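> The hints should help you fit chain B onto chain A, whose structure is shown.
There are 2 protein chains.
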Amino acid sequence: MSLQRQPLSIDSVTIEDGFWQRRREVNREQTIEYQYQQLEAAGTLDNFRRASAGEEGDHNGMWFQDSDAYKWIEAASYVLADRDDPELEERVDEAIELIAAAQEDDGYLNTYFALEEPEKRWTNLNMLHELYCAGHLIEGAVAHYRATGKETLLQVAIDFADHIDEIFGEEIDGVPGHQEIELALMKLAEVTDEDRYRDLAQYFVDRRGHTDRFVEEFENIEEIAGYDPDEDGIATDARDVFFEDGEYDGQYAQAHAPLRDQETIEGHAVRAVYYYAGATDVAAATGDDELLDHLDRLWQNMTQKRMYVTGGIGSQHFGERFSEDYDLPNDTSYAETCAAIGSIFWSQRMFEETGEAKYIDLIERQLYNAMLVGVSLDGQQFFYDNVLETDGNKSREGWFECACCPPNVARLLASLERYLYTVDEDGLSINQYVGGTATPTIGETDVTVTQTTEMPWEGTVEVDVDAAEPSPFAVRLRVPEWCTDATVEVNGEPIDVDADAGYVTIERKWDNDRITAEFEQSVEVLEAHPAVEDDFGRVALQRGPLVYCLEEIDNDRPLYQYTVAPDDAFDATLREDLLEGVVTLEGEATAPSMDGWDGKLYRPTAETDDEPVTISAVPYYAWNNRGPGAMRVWLNGA
Amino acid sequence: MSLQRQPLSIDSVTIEDGFWQRRREVNREQTIEYQYQQLEAAGTLDNFRRASAGEEGDHNGMWFQDSDAYKWIEAASYVLADRDDPELEERVDEAIELIAAAQEDDGYLNTYFALEEPEKRWTNLNMLHELYCAGHLIEGAVAHYRATGKETLLQVAIDFADHIDEIFGEEIDGVPGHQEIELALMKLAEVTDEDRYRDLAQYFVDRRGHTDRFVEEFENIEEIAGYDPDEDGIATDARDVFFEDGEYDGQYAQAHAPLRDQETIEGHAVRAVYYYAGATDVAAATGDDELLDHLDRLWQNMTQKRMYVTGGIGSQHFGERFSEDYDLPNDTSYAETCAAIGSIFWSQRMFEETGEAKYIDLIERQLYNAMLVGVSLDGQQFFYDNVLETDGNKSREGWFECACCPPNVARLLASLERYLYTVDEDGLSINQYVGGTATPTIGETDVTVTQTTEMPWEGTVEVDVDAAEPSPFAVRLRVPEWCTDATVEVNGEPIDVDADAGYVTIERKWDNDRITAEFEQSVEVLEAHPAVEDDFGRVALQRGPLVYCLEEIDNDRPLYQYTVAPDDAFDATLREDLLEGVVTLEGEATAPSMDGWDGKLYRPTAETDDEPVTISAVPYYAWNNRGPGAMRVWLNGA
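Chains A and B are the protein sequences, given in the same order. Residue numbering for the first sequence follows this note's numbering, beginning at 322 and increasing consecutively. Residue numbering for the second sequence follows this note's numbering, beginning at 322 and increasing consecutively.
Since the hints were made in silico from the structure, they are not lab data. Not one of these hints is a red herring.
The list makes no distinction among identical chains, and a pair is therefore deemed to hold if it is satisfied within one copy or across any two copies.
Distance condition first, Cα-Cα at most 25 Å in a straight line; then the derived DSS-like pairs of lysine-lysine:
| no. | residue 1 | residue 2 |
| --- | --- | --- |
| 1 | K626 | K921 |
| 2 | K921 | K679 |
| 3 | K679 | K626 |
Bear in mind that the values here come from a model prediction, so they are computed numbers and not experimental data.
The shape of chain A in the complex, shown without the other chains (with noise of 0.2 Å):
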């Protein structure tokens, strides 16, 4: 691999973090247990069983379900490695021989074909997600033998993936109609150092959008498959999604165009995202700089024209997908949980290539905005599509017949050492500032880092680097987007920060040196580009990397009566007893008077008065954990 950063591995990182703790203990005791049980609920591991035992039909869920163990185990095997825990050990080694023992003698392993029609391998590419499965396995396959060093269900990713790579580029000329499989074979390729994979990983970045074959599986589907599309219900589903006006439209699935002609970011939210963060370690490990510019526009689409507040993207609800510029409903966001996990993904990799700030930035919003909202605060409900506003008939579900998002949580939150530092050839960048102690090696040096902090509810920062012995190297500080003014000293001595930057670069002789950094959390009132009609008059509240939002159970008007003007003044109050502790905005707004309006419908606008109303917001993530009610991101601006 020749990405110019590498994250640290999650053995040399410990988080010990007032925020991110208690989250990441939810994970593991209660989400991580909980989708154990689903797996078995849900028949998931069943359909393992019974597929190493010959029998047939009757395969249990979603025709891509076997993702949902993959998921588990790459989950658990983060908090492996970070931890002992033989029970979880156990558990995990048992759902790998179940997963083992399915697998076929030529290594292809997919239990609803296996079950349902073990003939049909491979004929329907668009729908059946075989590839999708087979890199969530890669993936689970990595982790787990990164964790552990055990080696079986890594054999059981190999043999699959040499069979793929058999098969594709030479019998089928084909990509996968979900993408995922090119992230993995990319991890694939680090951690066996075998080439092929990668160039299979190429071979399905660079093909789609060529191949015919999506268009041929939708025309002689009953010739390849040998059944009716228009009669089986898996086929049809999901079928109308690629078309467009009756014909064949490859956005959904990023097919319309080869990556290098797509101007814009379409399609599928979750499959667009893999998707570049495949490509973009494709043009990593290529040095194809221009592939990576290229895929920088579509980034800067996604994120200049297309996006929540919140970090969330995909915002139309049929399909999925990427709407047109500046289509940003509120009440109707879909916003999936994956598809803003899948862009961390694909942000993390253009950072690691980059250095550019505006990445980790991006992160940063969705971490604490648009991924962690996913889950509630006791780890068992979760949110697939997320709104930023409702009248109340909208909740968090515990568990979902398309079950992606609560394990991709999951895993994130069970990785998240992975996206708090990078080491380059010159130092140290620290871009997310979680607490915790990190123990990379720079250059020669093993160094411990210290990180103290109490983000994201205040802005100060603490980092004690302890080299093994005094060493020249550069640690770097990102100045986060959101901070309006930044002072960073080193044992006391103030450095010079620009804030338009992105990262503070500090050169020294490390030591056993103390930088104290404070990022100032100003209340900032937000407003959308006049072309996001959704958004037009209204305002945002945001302190820090949080999103807030007003939620009915903590004001006393309908949440649409409430205006803010530019300079009303919000105290910031930290609320121990709310929320498992959060910082509130309790401010000034304007609610208009009910005076004179008895029997009347319309008035003379002069004949109405406002009043001054106090309002009380939550952050965004930590709504909805004190039953229904309605909410609101964008409120009217005065």
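Chain B only, in chain A's frame:
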């Protein structure tokens, strides 16, 4: 009839008016002609031909298609009452001949049943509209008889009414699925002086909400009618609207409770207002003041909580119905043209009994806005449902499968004479300001009243009162609700005006006198009750009786980007060249500066300046006469 105030007959009023005369010419020359062509094109007349020939099957159009013919005859009859038109008269006579020939020996008349299921008469009152069609037959017959003195159609109506009178209350304890016959029977009672039609109307009014017939039909339709409602398209199409959570919910047809127990106006809007119009007739005829008070409370619920600023009613698309209090979406507003017209029928009756100006004020609002928007300036394109805001995907249509609205507009415009004046024992009320001449008899005195006005463009009205011999009586002028300042003079002598009293009453001995009234028309910036979420923070422009809107074609920016402050000044400018001559409102507004947004999607609101811009608004009724485009009634308020 015991109505306190009597409208003038069509032939005693001549409309010569800068505004309405042209609309009525178009109605006569284009709409009524076009509507007749549709009767042939859609096979409506052919249904009568084939039924009278004893044919079977292949009924054309909707199961209530007969009513299209009856409503055309009614509109044409109003034209014939106003002027000689031998060609039109002959065409009407021919249609009447077809209808009369299709009547069965026992008086029953309905071509859907005659052709499709002759043995199933009266088996599906809920859905199949036999009584609704009978009502329109009666209305058409009364209008034709009054206009021409010819009795052919009146006799058909009498025979059918007698047949209905024999069956209902005796053989069948039931009421119409779609109200209409109630008010029609009251007209028949008046023209024939037969109380039994009034009694039958009263039965239909009072029995609704008591009889179990609708429930029985839903539960036993197979037994009653011999068909399976889940298989039969006609029965299932509209069936869902009767159910709430799977249970029968009579609200759709106002059958959820007896009228006197209904506290809010519910269900299908056209059904509701037709019903309450008929009930008002019954209350008036029976001197039932309690019922009249109850109807007024329903009217208040409608106007104070469930009505668009245009006077449109029935906001909910599904079920074409009233929704909850204050639920008035703008881009999905239903506001069916027929419902506004039915509301005019109801309000006119409420006024005739009570003399309260509020009813006439609403009629004025609906005539100039909610009704008139239903037809294009060329008389050949129609709105069935009326949005108050669109991004441009909404336009009038040439015709509808369910073609209730265009004929309703036609019959209202053709009978506008009946809405201008009422005579009571004390004198004359001038209700609507429309130029022309009326020749009422007040007491024993023949009077000629001549109105001269440029309404709705200017607020001046001159009324010449010319009594055949000098006589004492009252002339009442309505002071419109929109008028902020009113002056009235008689022969140059000022009269005291209490603008809140509704009417200015001038009692004197009239001879040959001139009343000059000045009703100030300022541009009102209106807002809606704060409980109307969809209008919150928004304002609407009104001048005189006209509600205004912005159309894309007249304004540079996306319409949602304009903000209007309460003190923004507007110039009212007569534009003879535009939309057959309209007063436009030209004024200052603000829109956000687009500076500094490059590459940004969100930023602190303090960074954005507004810039002054000009907007140009046109009357709402005139929108969408220059091709498709965005339109908006409710603008952002500052």
